[in-house]
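Take the given structure of chain Z and dock chain Y to it, following the hints.
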Amino acid sequence: MTTTDYRHEPSVVEGRPSLRELDEIIAKPLESKPDKKYFLALAVTLSMLGIGVIGLAFSFYYGTGLWGNNNPVGWGFPIVNFVFWVGIGHAGTLISAILFLFRQKWRNGIARFAEGMTIFAVMTAMIFPAIHVGRPWLAGYLFPYPNQHSLWVNFTSPLLWDVFAVSTYFTVSFIFWYVGLIPDFATLRDKTFSKIKKVIYSVFSLGWRGSNRHWQHYEMVYLILAGFATPLVLSVHTIVSFDFAVSILPGWHTTIFPPYFVAGAVFSGFAMVQNVLIFIRKIFNYEHIITLDTLEKMNKIILLTGSIVGYAYAMEFFTAWYSGVQPEQFTFVNRAFGPYAWAYWIMASCNVFFPQFFWIKKIRRSIPFMFVLAVLVNVGMWFERFVITVTSLSRDYLPSSWAYYTPTLTDFAILIGSFGFFFTWVLLFTKSLPVVSIAEIKAVAEGSQPSHKDH
Amino acid sequence: MSDKILYSYTGLFDTPDEIIHAAGKTADEGYKKFDINTPYPVHGMDDAMKLKPSRLGYFALVFGLSGTFATVLLMTWMTAFDYPIVIGGKPFFAFPAFVPIIFEVTVLAASVATVLTMLFVFFKFPNNSHPLHDTDYMKAVTSEKYGISIQAEDELFNEEKVKNFLQALGAKNITPVYFDNEELNVKHAVFEPKFISLLAVVFILVSGATYITLNKLMFITPFNWMMEQSKTIVQESNVLFADGFGMRNPVAGTVPRDQIPYKYKGDPEGAGENLANPLIPSKEVFALGEVKYNTYCSPCHGFHAEGDSRLRGQFPNPPSMHSEKVRNWSDGRLFHVITEGQNIMPAYSSQLSREERWAVVLYIRALQRSLNAKESDLQ
Numbered sequence: 001m002t003t004t005d006y007r008h009e010p011s012v013v014e015g016r017p018s019l020r021e022l023d024e025i026i027a028k029p030l031e032s033k034p035d036k037k038y039f040l041a042l043a044v045t046l047s048m049l050g051i052g053v054i055g056l057a058f059s060f061y062y063g064t065g066l067w068g069n070n071n072p073v074g075w076g077f078p079i080v081n082f083v084f085w086v087g088i089g090h091a092g093t094l095i096s097a098i099l100f101l102f103r104q105k106w107r108n109g110i111a112r113f114a115e116g117m118t119i120f121a122v123m124t125a126m127i128f129p130a131i132h133v134g135r136p137w138l139a140g141y142l143f144p145y146p147n148q149h150s151l152w153v154n155f156t157s158p159l160l161w162d163v164f165a166v167s168t169y170f171t172v173s174f175i176f177w178y179v180g181l182i183p184d185f186a187t188l189r190d191k192t193f194s195k196i197k198k199v200i201y202s203v204f205s206l207g208w209r210g211s212n213r214h215w216q217h218y219e220m221v222y223l224i225l226a227g228f229a230t231p232l233v234l235s236v237h238t239i240v241s242f243d244f245a246v247s248i249l250p251g252w253h254t255t256i257f258p259p260y261f262v263a264g265a266v267f268s269g270f271a272m273v274q275n276v277l278i279f280i281r282k283i284f285n286y287e288h289i290i291t292l293d294t295l296e297k298m299n300k301i302i303l304l305t306g307s308i309v310g311y312a313y314a315m316e317f318f319t320a321w322y323s324g325v326q327p328e329q330f331t332f333v334n335r336a337f338g339p340y341a342w343a344y345w346i347m348a349s350c351n352v353f354f355p356q357f358f359w360i361k362k363i364r365r366s367i368p369f370m371f372v373l374a375v376l377v378n379v380g381m382w383f384e385r386f387v388i389t390v391t392s393l394s395r396d397y398l399p400s401s402w403a404y405y406t407p408t409l410t411d412f413a414i415l416i417g418s419f420g421f422f423f424t425w426v427l428l429f430t431k432s433l434p435v436v437s438i439a440e441i442k443a444v445a446e447g448s449q450p451s452h453k454d455h
Numbered sequence: 001m002s003d004k005i006l007y008s009y010t011g012l013f014d015t016p017d018e019i020i021h022a023a024g025k026t027a028d029e030g031y032k033k034f035d036i037n038t039p040y041p042v043h044g045m046d047d048a049m050k051l052k053p054s055r056l057g058y059f060a061l062v063f064g065l066s067g068t069f070a071t072v073l074l075m076t077w078m079t080a081f082d083y084p085i086v087i088g089g090k091p092f093f094a095f096p097a098f099v100p101i102i103f104e105v106t107v108l109a110a111s112v113a114t115v116l117t118m119l120f121v122f123f124k125f126p127n128n129s130h131p132l133h134d135t136d137y138m139k140a141v142t143s144e145k146y147g148i149s150i151q152a153e154d155e156l157f158n159e160e161k162v163k164n165f166l167q168a169l170g171a172k173n174i175t176p177v178y179f180d181n182e183e184l185n186v187k188h189a190v191f192e193p194k195f196i197s198l199l200a201v202v203f204i205l206v207s208g209a210t211y212i213t214l215n216k217l218m219f220i221t222p223f224n225w226m227m228e229q230s231k232t233i234v235q236e237s238n239v240l241f242a243d244g245f246g247m248r249n250p251v252a253g254t255v256p257r258d259q260i261p262y263k264y265k266g267d268p269e270g271a272g273e274n275l276a277n278p279l280i281p282s283k284e285v286f287a288l289g290e291v292k293y294n295t296y297c298s299p300c301h302g303f304h305a306e307g308d309s310r311l312r313g314q315f316p317n318p319p320s321m322h323s324e325k326v327r328n329w330s331d332g333r334l335f336h337v338i339t340e341g342q343n344i345m346p347a348y349s350s351q352l353s354r355e356e357r358w359a360v361v362l363y364i365r366a367l368q369r370s371l372n373a374k375e376s377d378l379q
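Those protein sequence lines, which keep their order, are chains Z and Y. The first sequence begins at 1 in this note's numbering and counts up one residue at a time. The second sequence begins at 1 in this note's numbering and counts up one residue at a time.
Chain Y with its partners taken away, still in its complex shape:
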């Protein structure tokens, strides 16, 4: 026995009244390092042991408020700064709509953090090996007895004196508890290789699972048959046709309705001389021309064809269409520019149909006339 180090002297009591009395007496004697072990919390024990109130409430307050502010900041940043989208006409910083989530995160942060604080700070988990474990004393106090344990570390500790003191209190089964030599050599379980490797395994598992979930799992489409349909897809092979191509050529010798070949490719003068506007000026035609002009032409040429671009210098401004030169152009010449483009102006034949192009030509004529009106127009 001599090689064992004494941890404490323990005694057992049968009733809560006795243990309260014993705790009060022990505290009065001046013992500081003693403990009461009971199967359930006994009312009034904190006062009898002269314990200060638990400070966990402050931790809960701090953690809860941190959760509150972190959520407010995070949501504000996400919805008002990082990726602002108007949803349901609400402002980006829609505080009333944030309240439910703020509340939930506050509760979550405070609850989780307070429990972890209790376990890791107040209970010193995982450093939970203790000489009292696995003793008959512990078996009794987790079930039906009320125990007191006065530690050898205490300044007033004296083996004989404590034994007599416990006897005087009426304690039964007064036994010494010794440190377990094996456990004594382990100081900080946090630095034990076993614990660290456990942490490492947990870390690898968690990060691996997160990686797989976010980068692989979320992109799996287990059932994607909707994407496989039994139709002919262009640029893929098809066994229906002799040449094996899915894409077909137009029937030889035919022309699609809207794609009449343009005769005057690269020949603006020819177009100017030979092409005439097939449209008869009418309210509808001018309206069509105005819409198409405002959509496709006005960004560079301006709403009044003055070359006042709205593109703020991203492209050089085009010359005004009110110049002598353009006014004297024939309709066919203007049509040719719209169809083929000129200088940096691209061709608009793919955006505007033939009819629409002629309507735009008519509208340009009207715009030119508006700045160079003839006297007869006043009547």
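Bound conformation, chain Z alone:
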């Protein structure tokens, strides 16, 4: 029988690498030329992006009539994709801000990458409301500026709250990310031998010297930003859910939506981060930095949030039954057994049933299993947004206006394009910036903090 020594907390970095070794391995992708596989991956994502661009070009040329959106389902794929991508972004902020406030050391290895994915996911998400308005070149009217019509925007509309929430989210995430990068730029600046790189790193490191008089303010800013980003990330998907919840459509008009949407966002976001990290740690040999323990902890969070989402599904049915409102009850029976039952059961099985495998420790620590389960989670979460958006709209109060929504080829092209856009950014990121925070990972390496023996 073995006993574990709990007096000593094991480091989240395995194998006791020296600080210099950490520098070397994290900076290696930036200092080496991309190989064939990288260009192959880039070719795939750029082709996907190209398909999306073609879909969008046709949409602008011929109009949005090319999409499946029509009465009564005016919110088809564009809104489904918007909610999906904003949700993907939430894991990054949760890892970088909320886990930072909870002093979870294992987040240091994955925070940078997750934050990067947040930024790219929000960029992808922002495409969809812009194209859904039909004339994206008029998107400037979304902001309250003194225009020629002397009209202001409607501050009481959830759609405008969305504009503010998503743009604030993007800005704050970007700042948070950049502030985290400053010390790493300084490390790279002092490490590189290339003159051009040195100039670039010098500019972006803003004269960082690792001075403790700076670290003091820096840590304070990091804490403040984390403190702000935490309620911010909760507010963003809350406001996205208000787009639905503030309307009076059966199936949308529920108070459970904000927590349910936030849990779902974290759920899908963690699944996406876990998916991509599995590749990153393998390709760049980061197995000792992004450890199996870290992945297991992420799987636990996927299990937790997946169970919250499952609870919300059940509670929606209960609320509908308990409300005694006939259209509400019909909507939920219709979801599970109506024309979109196929989508509902894909959602329920991928989001509620399959994540339950994570109760088993072996599966939680098995890379192939966790990868497949996380892919299923994202399929399920995409279908969740589809089910919520489409089933309620296609059959509302007025049976005479019921219709079945069918997406078109253009819709799918734009969806594929959004994945291409996102993964192109991810690929470019892995080769241009350190995907693991050098300063943060050093701070949690073995023996990096004083032992305070003299006290």
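The set of hints was computed from the structure by calculation and includes no laboratory data. Accuracy of the hints is not assured; some may be wrong.
Said to hold, decoys possible - Here are the simulated DSS-like cross-link-like pairs (lysine-lysine), alpha carbons at most 27 angstroms apart as the crow flies: (1) Z/K191 to Z/K431; (2) Y/K194 to Z/K195; (3) Z/K431 to Y/K139; (4) Z/K33 to Z/K198; (5) Y/K194 to Z/K197; (6) Z/K28 to Z/K195; (7) Y/K50 to Z/K195; (8) Z/K198 to Y/K124; (9) Y/K163 to Y/K50; (10) Y/K194 to Z/K198; (11) Z/K362 to Z/K297; (12) Y/K124 to Z/K197; (13) Y/K139 to Z/K191; (14) Z/K191 to Y/K172; (15) Z/K198 to Y/K139; (16) Y/K139 to Z/K28; (17) Z/K197 to Y/K139; (18) Y/K4 to Z/K198; (19) Z/K191 to Y/K124; (20) Z/K33 to Y/K139; (21) Y/K124 to Z/K195.
These numbers come from a predicted model, not from an experiment.
Then chain Y, alone, in the frame of chain Z:
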């Protein structure tokens, strides 16, 4: 070496325990202008260096609250004062519906402003040239070593003493760092022409882009084919017709159904004598007359034809229609006034059809009768 000005003496340590110890000792010795450079924040260093807590939190509070109040004021002014519109039955000052945006702007203002404060006030950016840059010392401390640098500016600084002090602490690579003469001559990078011209370029780019976006881009309609339709537009040429006009004249010798020419133009007496009301009084006709009278006549003549205008003196009040003169007018004479107008009263022939005008005449007769009822009406 003599022409160089000494900035500081630096020493390197291998472990965080040593640097904490060294920082504590240096602070105890009474040195004020010294710094610790580490590749990552070392716990407990602030206490060892005897630093006061960062004041950035107060900045965040002030900036955040400014954002809050500015948003509340701005939204209130926009929605309740500058352009009030009722939307969804909400009050103009709909505070609960303002909360999400207030929150977002608070977070945005506090985050952006706090980071900018850190960079520009606490880190003195863009004045970021520093003698420590590009030294072996800096290359070591951004990677794996923990460095201490005691500045020559310090009151207690004495070259020999500091060297011995660092040696006693166990520091390695004890080296002096000198000011870079080129950099020394640059005092405030803010006033450097390079920086100012950069600001100018940024300003021109930003304002230009804003101008183009708001005044040009937003008015471009890239695809406006919906406006170009293959139909005949009046007042434009059309090749279908021999005369080339898109607009056509009525067929010669015909009259449109509702536009029978009025025979008594400028001849009120003739109209009074020759025109008779073709309508037979009925409930429907009176109802039609009442609706049309209330819409077109009552603003000036009043609901009871007494000349009690509702226009509050914007036009002179017309005379009462209960006068002896108007009561004695024939139906045709009244019809003529409605058709052609009189004094400042305009013609109503374009607003009211012939039938409607006759219905109004009947309704006026009923109003006149109501104030001058005959005895027989009581029965």
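Hints versus structure:
no., hint, result
1, Z/K191 to Z/K431, "holds, 16 angstroms"
2, Y/K194 to Z/K195, "holds, 21 angstroms"
3, Z/K431 to Y/K139, "holds, 23 angstroms"
4, Z/K33 to Z/K198, "holds, 17 angstroms"
5, Y/K194 to Z/K197, "holds, 21 angstroms"
6, Z/K28 to Z/K195, "holds, 17 angstroms"
7, Y/K50 to Z/K195, "violated, 39 angstroms"
8, Z/K198 to Y/K124, "holds, 21 angstroms"
9, Y/K163 to Y/K50, "holds, 22 angstroms"
10, Y/K194 to Z/K198, "holds, 20 angstroms"
11, Z/K362 to Z/K297, "holds, 13 angstroms"
12, Y/K124 to Z/K197, "holds, 24 angstroms"
13, Y/K139 to Z/K191, "holds, 7 angstroms"
14, Z/K191 to Y/K172, "holds, 21 angstroms"
15, Z/K198 to Y/K139, "holds, 13 angstroms"
16, Y/K139 to Z/K28, "holds, 17 angstroms"
17, Z/K197 to Y/K139, "holds, 15 angstroms"
18, Y/K4 to Z/K198, "holds, 26 angstroms"
19, Z/K191 to Y/K124, "holds, 24 angstroms"
20, Z/K33 to Y/K139, "holds, 24 angstroms"
21, Y/K124 to Z/K195, "holds, 25 angstroms"
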